[in-house]
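**Student:** Chains as they are written, first to last, in our numbering: chain A, 1 to 299; chain B, 1 to 439.
Worth double-checking, as some hints may not be accurate.
If you want a taste of the chain B side facing chain A, the calculated C-beta under 7 Å gives, among others [to be verified]:
(1) Val316
(2) Leu320
(3) Arg416
Covered stretches of chain A (in silico footprint by chain B; criterion: 3 or more residues with CB under 8 Å from a CB of chain B, positions within the stretch not fixed) [said to hold, decoys possible]:
(4) 156 to 164
(5) 181 to 192
For each label pair, taking beta carbons as the anchor points, the in silico distance ranges come out as [to be verified]:
(6) B:Ser183 with A:Leu66: 25 to 35 Å
(7) B:Arg139 with A:Ile177: 30 to 40 Å
(8) A:Gly264 with B:Arg234: 27 to 37 Å
(9) B:Ala317 with A:Leu66: 47 to 57 Å
(10) A:Ala188 with B:Asp89: 39 to 49 Å
(11) A:Arg184 with B:Pro23: 24 to 34 Å
(12) A:Ala188 with B:Ser183: 13 to 23 Å
(13) A:Gln231 with B:Lys279: 17 to 27 Å
To be clear, the hints were calculated from the coordinates, so they are not data collected in a lab. Quantities reported herein were computed from a predicted structural model and do not represent experimental measurements. Glycine residues also receive a C-beta, built at the ideal position from the N, C-alpha and C atoms.
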Amino acid sequence: MGPHPLETTEHTGQNTVPVRGAGDPLMHLLVPLLTTLLPVLYALSCVGYAHTYAREGSSGDRLGPLALRAAVLVHIAYLTVRGILEGHLPLASVYDFLSATGLSMAIVYLYVEMREGVRTTGVFVLPFILLIQILSSAYGGRTPPDPVPLRPYWFELHTLTAVLGYSAFAVSAIYGILFLCLYRDIKANRFSHFFRRMPPLETLGQMNVRAAGGGLAFLTLAIILGVGWIQRSGTGSLTDPKIWLTLAVWCVFAFSLLSYHRFGWRGPRAIYVSLVGFTTLLLSRVVVDLFFHSFHSFR
Amino acid sequence: MTAKAAAESLDFLCVGLNHETSPLEVRDALVMNESEVERAIQVLRDRGGAEEALILSTCNRTEVYARGAAVSDLPLFVNQLLLEIKGMDLGARGHRLYAYREPDSVRHLFRVACGLNSQVLGEPQIAGQVKDAISLAARSGGSGPVTERLLDAALRCAKRARTETGIGRGPVSSVYAAVSLASKVLGNLADKRVLLVGSGEMAGLAMCHLLDSGVSQFTLAARNLERAKLLASRTGARSVSLEAIPVVLPGADIVVSATSAPGYVLHEPSVRAAMRIRKNRPLLLLDLAVPRDVDPAAGRLPNVFLHDLDALAGIVAQSLDQRRAEVPKVESIIEDEVARFMRWHRSLELKPTVTAFRSQFERIAQEELDRHKARFRPEDHPALESLTRGIVQKLLHRPTTRLNRAGEDGGEGLRRIDTVRELFGIEHGVEADEDRDTR
């Protein structure tokens, strides 16, 4: 059998959940259909948002937002069907993790879009979600799901909140980069199409901070639940490099938000701090998975 | 009189001059106030025989629109009118008036309302001025069904141009560009504090635009404190001397500087010190002065956005380019609205012919019925009348429908009307006497 999800390798002697859907005709029909439909819907929303960005004065294009909402609903349906069939959160492989990250990025983006009323930044966020979903759809369904050990619901909550937190940080980083580009353009008197289509600099800064704030809240919850799970199950170790790096990420983002709200930091300096946080996050996920032996990784 | 000639007799004409055809001193001298417009409309109606008339008089144009004028040379008549009312003889000065007949006159009015004929392409005020001109015509007894319909069409056209195209998008003046830039950097300006340096016209204009954008907290710094206080009284702002700038600078989010000082008014060390106090919160410096008021070195500080007139001119040029690119779309809307208006206008002219055509048939049917009624029993009369009426209705249904649509078919439609008039002896809505006499 193939790889397991966010599971400890020392995980022995626990009960496992049978894969209820393995022989179910629904699994053979609905899941592949939704797996194929998802990249198509995300691609459609990319096209819609690209059109909104490209056309001057067209903030009212409906294709992008409609396609994205449809994609989010289908994505939730897809994960729900898989969750029901597999008996646990569908986070059984790195591709499942990617898919869940794509969904939560889309949700975070939609939340920020609705809150700020800005649609012209979608073109910079959606391609990442599309890419993630293409990878997940193309490679995720190749092997049938394995039976996984029974896990408490709060462990599932740990993974869910971690995914939401990482996604929010990713969206925050995209807004941070957009902020820096617009900042430089305005300073240099470059009033290009990008300048005209972006929201005000201050709004971009707020989008960056709000997404980071949401990310920090979810990550805090994920850390608490994860530590609790280690303590309860006796598996894993608190000295794991990924845990320390995650705590470092938490500290950087906490400092970033503190500096914004408490010290009144604005502009590139505040953005650079949050980008350092996101870079640390990427390191913790990618480098540790590749170069360190960690109980807390996909294999 | 042919249908075409009849239509031309009710033609909607436009005679006038604008910024493209006349210099500023001529345009200035011809700007009419309300009472002069009322008087001119009265003259057009009384001596010019115009059924409807309206005058659009702004600093960029003076245009007379008239329908059904009974003068052979309307431009000459308008020339005399302007001489009489404004005391300016355009002919003697060698200035010519342009003149448009329908549908060009309608098209011209729509172009004006959309801002295509304005000095600043796509400027929005002109639609309001057109509306005011038609209201004034209504008060002066110059308006009628055509001008009223024309107002609706012109305003609809202007609205469509603004909503369906980008003709009104982007700032087209330096001051407006400065305010737009402030919004682009700082977002909502309602809670932002502005330091206005200078008390001249430019500073006043900037204050107006900033007030429109929701700014309510102003501080004015000027050499001439009296003038600054006068300007400040508009908003209840406080005024300070130029020497106090370093003191008030940390509290400002936007600085608009427009003095005539020969050197810098705002130096880099002052800005650097202010930024320290502001904890590096963004500061927008808009330098609208020539020579510049703000030391360019200040713009290199982090979170300080310094923009001078050159930079703002870049934004204005871009907006104008974008507006120019939208002109074909606006022209297409105008053509659509002109065609719509002309269809309605022609149908208005055709109505008497259609009415006369129908009443002729109905009269003949009634006459024949009266002539032969005696041969039938009285109790059969209602059935006989119903039968006759039914035949007439059925015979007339198709020709009436086609005639009503003749206005939409342009020249072909007018020829169709002429044929009907000739065949049935109708003279512009009235049956010809010879035809009635022969019966």
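**Student:** Decide, hint by hint, whether the structure agrees.
**Tutor:** Status of each hint after checking the structure:
no., hint, in the structure
1, Val316, "10 Å, violated"
2, Leu320, "13 Å, violated"
3, Arg416, "44 Å, violated"
4, 156 to 164, "violated (count 0)"
5, 181 to 192, "holds (count 4)"
6, B:Ser183 with A:Leu66: 25 to 35 Å, "29 Å, holds"
7, B:Arg139 with A:Ile177: 30 to 40 Å, "60 Å, violated"
8, A:Gly264 with B:Arg234: 27 to 37 Å, "32 Å, holds"
9, B:Ala317 with A:Leu66: 47 to 57 Å, "37 Å, violated"
10, A:Ala188 with B:Asp89: 39 to 49 Å, "55 Å, violated"
11, A:Arg184 with B:Pro23: 24 to 34 Å, "45 Å, violated"
12, A:Ala188 with B:Ser183: 13 to 23 Å, "19 Å, holds"
13, A:Gln231 with B:Lys279: 17 to 27 Å, "42 Å, violated"
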